[in-house]
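> Make the full structure from the sequences, and use the hints.
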Amino acid sequence: MDCEFHPDSFAALHREFSVLSFISQIPSPIGHPRIISADFKSGVLVLSSPKVYWTPLWQHVNEPVLDLDSLLQMKHELLDYIGSLKSAGGWLLYLGGWADTDFCSAPDRIQSDEWKTQEKEQVNEIAKSPELPQIHVFQDSTLSPESNLSMLRSWIGSGTIRSLCVRRLTRSPRLFPKAPFSSAPNRYLQPPASADRVPLRKQLKQEAKSLRSHKRQRKETAEASREEWELTVGVEIHAQLDTETKLFSRAATSTSDTPNSNVALFDLAFPGSQPAFQIATLLPALRAAIALNCEIQPVSRFDRKHYFYQDQPAGYQITQYYEPFARNGYVELFDYDGIAPEDGERVRIDIKQLQLEQDTAKSQEYPPTTQLLDFNRVSHPLIEIITMPQIHTPATAAACVRKLQAIVQSCGAVTTGMEMGGLRADVNVSVRRRGEEPGKYQYDGISGLGQRTEIKNLSSFKAVEDAIIAEKNRQIEVLESGGVIEGETRGWTIGSTETRRLRGKEGSVDYRYMPDPDIPPLVIGEDLLSSLRDSIPTAPDALLTLLVGSEFSLPIEDAKPLIELDNGARLEYYHDVVDILRTLQVDQDDKTRASLARVASNWVLHELGGLLAKADRAWDPEIVPARSLAHLIDHLQRKRITGPTAKQVLATIFDGDHRPVPQLLEEENLLLRPLSREEYLALAESVIAMNPQMVEQIRSKNQLGKLGWFVGQMMRTGEKGRVEAPKAEEILRELILG
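When we follow the UniProt record's numbering, the leftmost residue of the sequence shown carries the number 1, and every step to the right adds one.
Simulated from the structure, these hints should not be mistaken for laboratory data.
Hints may be right or wrong, so weigh each one.
Unchecked claim - The list that follows gives simulated cross-link-like pairs (lysine-lysine, DSS-like), each with its CA atoms no further than 30 Å apart: (1) K639 with K701; (2) K440 with K505; (3) K505 with K403; (4) K456 with K362; (5) K462 with K560; (6) K701 with K647; (7) K462 with K209; (8) K362 with K352; (9) K591 with K647; (10) K505 with K472; (11) K560 with K647; (12) K352 with K462; (13) K456 with K440; (14) K505 with K352; (15) K305 with K505; (16) K639 with K727; (17) K560 with K403; (18) K591 with K614; (19) K362 with K505; (20) K591 with K727; (21) K209 with K305; (22) K614 with K560; (23) K462 with K472; (24) K647 with K727; (25) K639 with K591; (26) K505 with K560; (27) K560 with K352.
Said to hold, decoys possible - Restraint ranges, calculated between C-beta atoms of paired labels, are given here: (28) D657 with G708: 28 to 36 Å; (29) E557 with R433: 37 to 45 Å; (30) R433 with V599: 51 to 59 Å; (31) E734 with E667: 30 to 38 Å; (32) T592 with Q697: 51 to 59 Å; (33) T416 with D510: 27 to 35 Å; (34) N328 with K639: 52 to 60 Å.
Note that the Cβ used here is the ideal one computed from N, Cα and C, for glycine as well.
So, in structure tokens, the structure goes:
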């Protein structure tokens, strides 16, 4: 019998289990390899006469870990195969079985006595079949592993076993040689263990290291091949406007109320109901258009976009396809916005148009047959921001969406972003090989592009980047294999590694756009635009320039969060703290006053922000009033309290103690009473006397870093809050270094 083992990794054999394995001599009556034995971790043995291959389980099933039903199915396949040997008139040696196998903490059914008894009866029934009379059935309880191997060697060598043998793999993993076994009569089913066998723990580490190296090499190779291809991305943003009423009815826009409670007749497309444009919904849309540097059109019109779906009761969506209210805007991205390094320090993305449109109903599925609809969201006013296809990296696309959200939030056009479902993104992705003929497709006036696909409803910045990467790789693989990219709409699931097809890509003809005959043209006057331009808050980029400038001198790592957090409320609070601080510190020198802005940002962002995060509380400027934080920082700057004391007081105020800071410090006896020089000397001498070896190391080896350890000991030994680190280090240097 010729048997060849192709070994796979035994890395999973670190837990106690048994594996059933099969070696066959006769041709398979089934005609193709079959999975006839499995364990939870390492793999399966597949029967492929006249050779047996050791192959990973996940090459044959979708999941690397089998559930109970899969194990039972494999057990039945085993029994079916043994039964099929009846027609071959072969011999069978059965050593142990599924009922005697330890399946690594398998479900209780696997280990139950009832299940084992039932399984044994099935095997014995096959074994006693008169059509297969010469069958030897043994259980492992009657034979030791050594006698098993000895008996098998003798029977294989003498030709007694002609059909099939089943054995249990021992707990000690062995690495098999890749070369075929010898055909000598006294060969082993398992070769003897090597004297210099690698310990399992070391082996696992080596295999993990090898796997990481292999993945890194594959990634580098893939990235090198991807450089031959140019990616082009366009972004479409759908943002819910901050309005009290819907776009074409007086129904409220609250989506958190009872489902289907804020619905007008027109929202449900009742016969005879007419759209009534709500003028107030135009104002936040205009603010967004101005903030995005768009040209406001004096006259715009509404169109109907026809499609049939359960979330659109009218059978069409009202939008502005032909004549939107704003065109030709742009957004600028900088390196601090998170754009890809290959895009340089600055990127300008043009905006094709902004258009008003109505939202659809919210659907909730309950498989397999139930779907609930909440029409509270129908006709909620949206703006759709459509960029030109000028983005060439996934990171820059995500940065563009992030920047657009920050801009429309800062101008008061929207109140919620992606994290609350108030903003959704679609991306259009195409690739073409560099250096070849330009592609035959044209989008938004840009020609020479490849066929695009659209990925719908991306709900986070990471999802935008990951989905573009996955779709880019998919398109490249299709083109490199000689395939053709189809224009289609695709979906993305968070945590997935590839996009999925939803439907074919519709065109303008499919949507049957037509002007809405029930809505008059929208006329926008210049006086309204002038008033809005004067009332729009400072843009995020201008705020960032101000904060990193000479007036505040903040690092960009602090300036950006101040702008982005809590829709600007955190920045307003910070301004109040700084203004009060500068009033309190009016007697200080210019250098000290200049540093106040940086100190205040640290306390607002990190100290107060840390307390908010730990308590899982939303931002509220009244939790720690700006005046209280300013007075606390003032006492700290004047060295009236220590840093730990200041943090303790902040936590006390955060927990609800609203006493004025000076009163709180005085009543709790927290004001710093500095030590005299004599007290510092006595404390330092005491610490030095207890650690003579470390003192010698500082003196002989110049290990000045250990002075910090002595400072810490002085602060622990001395009265809490009275030892100042700079003065303690000064005294230590004097005593130790002279």
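> All the hints need checking, so say for each whether the structure fits it.
Status of each hint after checking the structure:
For the hint pairing K639 with K701, the CA-to-CA distance comes to about 34 Å; that exceeds 30 Å, so the pair is violated. Note on K440 and K505: the hinted pairing holds, with a Cα-Cα distance of about 17 Å set against a maximum of 30 Å. This hinted pair checks out: K505 and K403 have alpha carbons roughly 28 Å apart, not beyond 30 Å. A threshold of 30 Å between alpha carbons decides the hint, and for K456 with K362 the separation of about 15 Å falls inside it, so the pair holds.
At most 30 Å may separate the alpha-carbon atoms for a hinted pair to count; K462 and K560 meet this at roughly 19 Å. Distance check on the hinted pair: K701 and K647 sit about 37 Å apart at the alpha-carbon level, beyond 30 Å; violated. A threshold of 30 Å between alpha carbons decides the hint, and for K462 with K209 the separation of about 28 Å falls inside it, so the pair holds. Of the pairs offered as hints, the one joining K362 and K352 holds, with about 28 Å between alpha carbons and a cut-off of 30 Å not exceeded.
Taking the CA atoms of K591 and K647, the gap is near 24 Å; set against the 30 Å cutoff, the hint holds. For the given pair, K505 sits about 17 Å from K472 by alpha-carbon distance, which is consistent with the 30 Å threshold. A C-alpha spacing of about 24 Å is found between K560 and K647, which places the hinted pair at or below 30 Å, so the restraint holds. Restraint check for K352 and K462: the C-alpha separation of about 24 Å stays at or below 30 Å, so the hint holds.
Of the supplied pair hints, the one linking K456 and K440 holds, its CA atoms being roughly 24 Å apart against a limit of 30 Å. Taking the CA atoms of K505 and K352, the gap is near 20 Å; set against the 30 Å cutoff, the hint holds. At roughly 15 Å between alpha-carbon atoms, K305 and K505 fall within 30 Å of each other, so this suggested pair holds. For the given pair, K639 sits about 12 Å from K727 by alpha-carbon distance, which is consistent with the 30 Å threshold.
Our distance criterion of 30 Å between C-alpha atoms is met by K560 and K403, whose separation comes to about 11 Å. Proximity of K591 to K614 is assessed by CA-CA distance (about 34 Å); at most 30 Å being required, the pair is judged violated. With a C-alpha separation of about 22 Å, the suggested pair K362 and K505 falls inside the 30 Å cut-off, and the hint holds. Of the supplied pair hints, the one linking K591 and K727 holds, its CA atoms being roughly 21 Å apart against a limit of 30 Å.
Simply put, K209 and K305 have alpha-carbon atoms about 55 Å apart, too far for the 30 Å limit, and the pair is violated. The suggested pairing of K614 with K560 holds, with an alpha-carbon distance near 22 Å, which does not exceed 30 Å. Restraint check for K462 and K472: satisfied, since their Cα atoms lie roughly 15 Å apart, inside the 30 Å limit. For a cut-off of 30 Å, the pair hint linking K647 to K727 stands: about 21 Å separates their Cα positions.
Proposed proximity of K639 and K591 is supported: the alpha carbons are some 16 Å apart, at most 30 Å. Between K505 and K560 the alpha-carbon distance is near 39 Å, which puts this suggested pair outside the 30 Å criterion. Our distance criterion of 30 Å between C-alpha atoms is met by K560 and K352, whose separation comes to about 27 Å. The hint said 28 to 36 Å for the Cβ distance between D657 and G708, and at roughly 34 Å that hint holds.
With their beta carbons about 39 Å apart, E557 and R433 fall inside the hinted range of 37 to 45 Å. Restraint check, R433 to V599: a C-beta distance of roughly 54 Å satisfies the suggested window 51 to 59 Å. Restraint check, E734 to E667: a C-beta distance of roughly 37 Å satisfies the suggested window 30 to 38 Å. Distance hint check for T592 and Q697: the Cβ-Cβ separation is about 37 Å, which falls outside the suggested range of 51 to 59 Å.
Hint check: T416 to D510, Cβ distance near 32 Å, so the stated range 27 to 35 Å holds. About 57 Å separates the C-beta atoms of N328 and K639, a value consistent with the hinted range of 52 to 60 Å.
The structure fails hints 1, 6, 18, 21, 26, 32 (numbered hints given earlier, in ascending order).
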